[in-house]
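Here the protein sequences line up with chains A and B, keeping their order. Going by this note's numbering, the first sequence opens with residue 1, and the numbers climb by one from there. Going by this note's numbering, the second sequence opens with residue 1, and the numbers climb by one from there.
By construction, these hints were calculated from the structure, which means they are not laboratory data. Small disclaimer: the values here were computed from a predicted structure and weren't measured. Do not take every clue at face value.
[As the list claims (entries may be wrong)] Listed below are the simulated DSS-like cross-link pairs for lysine-lysine, each with C-alpha atoms no more than 25 angstroms apart in a straight line:
(1) A:Lys-233 to A:Lys-203
(2) A:Lys-161 to B:Lys-28
(3) B:Lys-28 to B:Lys-207
(4) B:Lys-270 to A:Lys-236
(5) A:Lys-203 to A:Lys-161
(6) A:Lys-233 to B:Lys-154
(7) A:Lys-115 to B:Lys-182
(8) B:Lys-28 to A:Lys-168
(9) B:Lys-207 to A:Lys-115
(10) B:Lys-371 to A:Lys-233
(11) A:Lys-233 to A:Lys-248
(12) B:Lys-154 to B:Lys-28
(13) A:Lys-221 to A:Lys-233
(14) B:Lys-28 to A:Lys-225
(15) A:Lys-225 to B:Lys-10
(16) A:Lys-116 to B:Lys-270
(17) A:Lys-161 to B:Lys-129
(18) A:Lys-175 to A:Lys-161
(19) B:Lys-371 to A:Lys-116
(20) A:Lys-168 to B:Lys-129
[Said to hold, decoys possible] Label pairs and their in silico Cβ distance ranges:
(21) A:Leu-235 to B:Arg-205: 22 to 30 angstroms
(22) A:Asp-139 to B:Gly-241: 23 to 31 angstroms
(23) A:Lys-233 to B:Glu-296: 32 to 40 angstroms
Just so it is clear, CB atoms sit at the ideal spot from N, CA and C, and this is done for glycine as well.
Chain by chain, the residues run as shown.
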Amino acid sequence: MAIILYDGTFAGFMTTIFECYAQKLEPTNICKEDSFQESLFSEHIQIVTDLEKSQRVWNGLQQKLHPRNRELPVLTFLSEEDGIEMRLYRFIKRVFNSRQRIDTDYADPDVLTLKKIERVVMRESMRILQFVRFQQTIDDIYFAPIEPQFDVLPYTLKHFKNRFADQKWLIYDVKRDYGFFYDLDQVTEMTLNEKNFSIHDGKLADNITQEDEATYQSLWKSYFKHINIEERKNLKLQRQHMPHRYWKFLTEKN
Amino acid sequence: MNETILNKLKILADAAKYDVSCASSGNKRPNTGGLGNALAPGICHSFTDDGRCISLLKILMTNYCIYDCAYCVNRRSNDRPRATMTVQEVVDLTIGFYRRNYIEGLFLSSGIIKNADYTMERLMLVARKLRTEERYNGYIHLKAIPGASPELIKQAGLFADRLSVNIEIPTEQQLQLLAPEKDFPSVLQPMNQIRTGIQLYKEERKKYQHTQRFTPAGQSTQLIVGASPESDQQILSLASGLYDQQKLKRVYYSGYLPVNDYDKRLPALKIPPLVRENRLYQSDWLMRFYHFQADEILSPEQPFLDLEIDPKLAYAIRNLHLFPVDINRADYEMILRVPGIGVQSAKMIVDARRFRRLTSLHLKKIGVVMKRAQYFITCNELAAHSRDWDPFVLRSHIIHESQSKYRKAGDTQLSLFHFSKPAKITSQPSMLFKH
């Protein structure tokens, strides 16, 4: 009986699973270390993230999951939902302990709940790919602020790294106050001490914006306006595909 | 310079917007050490006020045109602002937008200037410049200009992801009437060439791994709906032929907008036929993802789609003898045909029923629209609803049920006939991922 603390990363969580098996732990709760409140009556165990151990758990999971559910553990983890760690822990334990695949048993409430969480997180991460809008700085860095509902930014990095391989970029999660910077070689996590952009519409300060930037923004805005067919106006459909909460940082909507 | 390019972009975007194709899907092109890649499902980057997605930068190279087609906003007899972009301007615009993640790629079309070859060459030059000089690996969709030389189309196909030739008017006779300078053979010729090209290069690639890829995302076309008197059945059987024989990836349906209302050859419409267009898209989805045949959706006796109910529901009501479907036993194909069950739910049902017998409660949680499905299925405890229904009664009953939600609370007046209001247009079938 113990509360397990880990560093809050997915690798940390996978290590936790590993240790639970290795040390035969039966956690009552799994908490991120920075959000844990010390209590008198419970003992707690600190887990040290180990990439090798986490990789082993991940590989094991991949063999036990249906191809359609391969990403389910990481996506549901990113939902940051209350108690998601314990929910996932129970699920993963069942996956490992049963001989047959159980992750497609959608009539099971635990499995279905995770599947539904996966779906909304997946959609949110797709929307990052859709709605990120870069602005070019004088240092030739393409900067984009975002405010996702779930912590999906790490999940989207591979896409941006592949696509924008020959330009430096920085995508910043304003809500969680951290971001990732790509320097043409590697992607590194970072936190901005000084924010040179508006938190209302994400616009960079004028003195650090590339001179062409404003031109491209007005070109894009004008394109957005002129590609619309007035006779077919359907604002409800527009909002359905592009909910209002993303508009804040969209160049064409400001 | 900025002012002129801004002006040109306005004119040429305005001129291009009636081409509805926007998909950026169908090809997975890796980034080979430059800018950009293409994802198989495609990505929509924005949505305009009309609810349509912006995936590609959709512009015309020029909106000058030597033709005078009745349905086209860019016909030469229209007095409109005209503009032409240079190859370099299109390239710069594409790269500038792409780097900012505004777009997924370029969809370049053009009015015909001088002749077909000259026009096609300029489209091809843009694609070549993007691929070779800018090392751009994002999506490119080019129009294949009818009448252009096969060599140019081949070149274009080697640089582009997708090519398209628009048929526009579904029957030759009507095309002759509305666009006397065009004919079917000139449209079909490039289409045939692209089809055989794709096959040829695919075969070649099996033998030699390094063979270039030719139009890897396939080809598409567009049909205008409502500008000429064709029936839905004619449109759908044409589409189904295009899918089966020409191996097209997509057929787009564009509800006719009265852009040239002075032309007496065209019908006088006040609003575009949006519901009809929506029903056609739904039927198209049935053919592509639900394994329906065109003649199952419509028949010569019933040449038009029911505007009040969707084509899948209409099929089920016409074929009540095939239902109810036993959710726990029926094969995937049959489950797909149940109204209220989509591809995702059907797959989940087939997966989940291996563990236990499913009940209606399970189905509801999985995401089946029970309001629709209940008349067409049996599962553990749910009694078969459908046997007692008369098709006509069932139809009006379902319409009534689906509308009662929208009815005001105070509306208690009894009505003899339920099916009063026309069906509301909901949305185009999920456009987030284009296939």
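Status of the hints after comparison with the structure:
no.	hint	verdict
1	A:Lys-233 to A:Lys-203	violated (28 angstroms)
2	A:Lys-161 to B:Lys-28	holds (16 angstroms)
3	B:Lys-28 to B:Lys-207	holds (20 angstroms)
4	B:Lys-270 to A:Lys-236	holds (21 angstroms)
5	A:Lys-203 to A:Lys-161	holds (23 angstroms)
6	A:Lys-233 to B:Lys-154	violated (38 angstroms)
7	A:Lys-115 to B:Lys-182	violated (53 angstroms)
8	B:Lys-28 to A:Lys-168	holds (23 angstroms)
9	B:Lys-207 to A:Lys-115	violated (42 angstroms)
10	B:Lys-371 to A:Lys-233	violated (29 angstroms)
11	A:Lys-233 to A:Lys-248	holds (22 angstroms)
12	B:Lys-154 to B:Lys-28	holds (20 angstroms)
13	A:Lys-221 to A:Lys-233	holds (18 angstroms)
14	B:Lys-28 to A:Lys-225	violated (30 angstroms)
15	A:Lys-225 to B:Lys-10	holds (9 angstroms)
16	A:Lys-116 to B:Lys-270	violated (43 angstroms)
17	A:Lys-161 to B:Lys-129	holds (24 angstroms)
18	A:Lys-175 to A:Lys-161	holds (22 angstroms)
19	B:Lys-371 to A:Lys-116	holds (21 angstroms)
20	A:Lys-168 to B:Lys-129	holds (23 angstroms)
21	A:Leu-235 to B:Arg-205: 22 to 30 angstroms	violated (46 angstroms)
22	A:Asp-139 to B:Gly-241: 23 to 31 angstroms	violated (56 angstroms)
23	A:Lys-233 to B:Glu-296: 32 to 40 angstroms	holds (34 angstroms)
Going down the numbered hints, you'll see the structure goes against 1, 6, 7, 9, 10, 14, 16, 21, 22, while the others check out.
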